[in-house]
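Trainee: We have chain D; now place chain F onto it with these hints.
Number of protein chains: 2
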Amino acid sequence: MAKKVFPPAIVFNPAPAIMVSSQGKDGRANIITVSWAGVLCSDPPMIGISIRPNRYSHGIVKEAMEFALNFPSASLIEAVDYCGSVSGKDVDKFAGAGLTPVPASKIKAPIIKECPINVECRVKQIISLGSHDLFIGEVVAYHLDEEIIVKTNKADAEKAEPVAYCPGTLEYRKLGSVIGTYGFTKGKAK
Amino acid sequence: MAKKVFPPAIVFNPAPAIMVSSQGKDGRANIITVSWAGVLCSDPPMIGISIRPNRYSHGIVKEAMEFALNFPSASLIEAVDYCGSVSGKDVDKFAGAGLTPVPASKIKAPIIKECPINVECRVKQIISLGSHDLFIGEVVAYHLDEEIIVKTNKADAEKAEPVAYCPGTLEYRKLGSVIGTYGFTKGKAK
Numbered sequence: 001m002a003k004k005v006f007p008p009a010i011v012f013n014p015a016p017a018i019m020v021s022s023q024g025k026d027g028r029a030n031i032i033t034v035s036w037a038g039v040l041c042s043d044p045p046m047i048g049i050s051i052r053p054n055r056y057s058h059g060i061v062k063e064a065m066e067f068a069l070n071f072p073s074a075s076l077i078e079a080v081d082y083c084g085s086v087s088g089k090d091v092d093k094f095a096g097a098g099l100t101p102v103p104a105s106k107i108k109a110p111i112i113k114e115c116p117i118n119v120e121c122r123v124k125q126i127i128s129l130g131s132h133d134l135f136i137g138e139v140v141a142y143h144l145d146e147e148i149i150v151k152t153n154k155a156d157a158e159k160a161e162p163v164a165y166c167p168g169t170l171e172y173r174k175l176g177s178v179i180g181t182y183g184f185t186k187g188k189a190k
Numbered sequence: 001m002a003k004k005v006f007p008p009a010i011v012f013n014p015a016p017a018i019m020v021s022s023q024g025k026d027g028r029a030n031i032i033t034v035s036w037a038g039v040l041c042s043d044p045p046m047i048g049i050s051i052r053p054n055r056y057s058h059g060i061v062k063e064a065m066e067f068a069l070n071f072p073s074a075s076l077i078e079a080v081d082y083c084g085s086v087s088g089k090d091v092d093k094f095a096g097a098g099l100t101p102v103p104a105s106k107i108k109a110p111i112i113k114e115c116p117i118n119v120e121c122r123v124k125q126i127i128s129l130g131s132h133d134l135f136i137g138e139v140v141a142y143h144l145d146e147e148i149i150v151k152t153n154k155a156d157a158e159k160a161e162p163v164a165y166c167p168g169t170l171e172y173r174k175l176g177s178v179i180g181t182y183g184f185t186k187g188k189a190k
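Residue numbers (the working numbering), protein chains in the order written: chain D, 1 to 190; chain F, 1 to 190.
Hints were generated in silico from the structure; no laboratory data involved.
Incorrect hints may have been included.
[Stated by the list, open to error] If you want the footprint, here are the derived chain D segments under chain F, 3+ residues with CB under 8 Å:
1) 6-14
2) 24-32
3) 40-50
4) 58-67
5) 73-81
6) 113-127
7) 149-162
[Claimed, not checked] Taking CB as the label site, the calculated pair distances span:
8) V178/F <-> E158/D: 17 to 23 Å
9) G176/D <-> E147/F: 16 to 22 Å
10) K62/F <-> G176/D: 23 to 29 Å
11) K89/D <-> K108/F: 43 to 49 Å
12) G183/F <-> K62/D: 48 to 54 Å
13) K62/F <-> K106/D: 32 to 38 Å
14) K186/F <-> P53/D: 55 to 61 Å
15) D90/D <-> R52/F: 39 to 45 Å
16) G130/D <-> V102/F: 26 to 32 Å
17) E158/F <-> G59/D: 34 to 40 Å
18) E78/F <-> E158/D: 21 to 27 Å
19) K186/F <-> R122/D: 32 to 38 Å
20) L170/F <-> R122/D: 25 to 31 Å
21) S131/D <-> K62/F: 46 to 52 Å
Quick caveat: nothing in here was measured; it's all calculated off a predicted structure.
Even for Gly, the Cβ is constructed at its ideal location relative to N, Cα and C.
Just chain D, with the same shape it has in the complex (with noise of 0.2 Å):
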């Protein structure tokens, strides 16, 4: 199996596709649909994304200090990929994509109904790194759809569908089978 190699670029499979909504000091919401994103620490529970800082939602996060991931299902992949690829300057994503903002519980910024995952997030540390600045989130709370809760307090990956990202081809992508559970190896003789 020979292998090439290339200069510099992103590789990394599989990314997620989140929806952040955010909220300005307007009252105005909005949401962008985000790739370059994954968990930071543990505890206390940390969740970093990276924006663009031409990206209207950059302004109103930096500004607010707080944000929110809302994980869609597979079927809600065209309000993914239309807040993904429109402005907020231009559009109410909201209406635009057909969702429906509702309270959070510990932030201003709404969080999207129709996502069964939402994560609730307070700004501790921007990182400018180029392209894209870093937002290093702390999770504060978060929301399952009754429907989707398992073991008392997680999100069944079956029922949630969560949308993977493959940068290089861009295609979205649903989860597939289960192929083995953290730790099924213990114990087995190597």
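Mentor: Then chain F, alone, in the frame of chain D:
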């Protein structure tokens, strides 16, 4: 669809499952599987990984200021789980997992031959967040197995078979079917 609110915890779907290879000053190579990882910046291309300070790889990466991301295919799931469950303090994980170290192009740490996607990174910044330290890595080169290359320099997710991780339910999952391509809603009436 009623929602239930919960106190802070990590909820994130999908996270990746990546085998990070590194090499200590003593020439000993190690592997750690991480899921707390994500793209941070497009230009320059930067990827973040978070590692607990008590993990063996933490000291190695901090000292070498380099690491490689090795994206496994689903067939390597036992090795993925093994490298996330045991410590390199006690065992040679390349040998234990049956993986082959091959030289990288820009960094001293080896990449993993069996993984179809390998990304070499140099650490630009380390940020202590609590249980985990975030290592911000700049991509300096990447490798693709010839068999998975599409569009000159991209990875075919069908052939690369990347592994997704669902932290809540601890499931490793394959990626499923394509449900759209970035930008597919552009120009559609809204």
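Trainee: If a hint holds in the structure, say so; if it does not, say that too.
Mentor: Here's how the hints hold up against the structure:
For the region 6-14 of chain D, the stated coverage by chain F holds: 9 residues have a C-beta nearer than 8 Å to a C-beta of that chain, and at least 3 were required. A count of 0 residues in the region 24-32 of chain D with a Cβ less than 8 Å from any Cβ of chain F is obtained; the coverage claim is therefore unmet, three being the minimum. Closer than 8 Å: that is the beta-carbon criterion, and the region 40-50 of chain D has 10 residues meeting it against chain F, so the requirement of 3 holds. A stretch counts as covered by a chain when three or more of its residues have a beta carbon under 8 Å from one of that chain; for the region 58-67 of chain D and chain F the count is 0, and the coverage is violated.
Taking a C-beta to C-beta cut-off of 8 Å, the region 73-81 of chain D contributes 5 residues in contact with chain F, enough for the three needed, and the coverage statement holds. With a cut-off of 8 Å between beta carbons, the region 113-127 of chain D has 7 residues touching chain F; three or more are needed, and the interface restraint holds. Counting residues of the region 149-162 of chain D whose beta-carbon sits less than 8 Å from any beta-carbon of chain F gives 10, enough to reach three: the coverage restraint holds. For the hinted restraint 17 to 23 Å between V178/F and E158/D, the CB-CB distance of approximately 19 Å keeps it satisfied.
Checking the proposed 16 to 22 Å range against G176/D and E147/F shows it holds: the Cβ atoms sit about 20 Å from each other. Hint check: K62/F to G176/D, Cβ distance near 36 Å, so the stated range 23 to 29 Å is violated. The supplied range of 43 to 49 Å is met by K89/D and K108/F, whose beta-carbon atoms lie about 46 Å from each other. Distance hint check: the CB atoms of G183/F and K62/D are about 26 Å apart, inconsistent with the given range 48 to 54 Å.
At about 34 Å, the CB distance of K62/F to K106/D agrees with the hint of 32 to 38 Å. For K186/F and P53/D, the Cβ-Cβ distance of about 23 Å falls outside the hinted range of 55 to 61 Å, so the restraint is violated. Between D90/D and R52/F the C-beta distance comes to about 44 Å, which sits within the given range of 39 to 45 Å. Range check, G130/D to V102/F: about 30 Å between beta-carbon atoms, so the 26 to 32 Å window is met.
For E158/F paired with G59/D, a C-beta distance near 39 Å keeps the hint of 34 to 40 Å intact. Look at E78/F against E158/D: about 23 Å separates their beta carbons, and that is inside 21 to 27 Å. In this structure the supplied range 32 to 38 Å holds for K186/F paired with R122/D, their Cβ-Cβ distance being about 33 Å. A C-beta distance of roughly 27 Å is found between L170/F and R122/D, which places it inside the suggested range of 25 to 31 Å.
For the pair S131/D and K62/F, the supplied restraint of 46 to 52 Å is violated, since their beta-carbon distance comes to about 26 Å.
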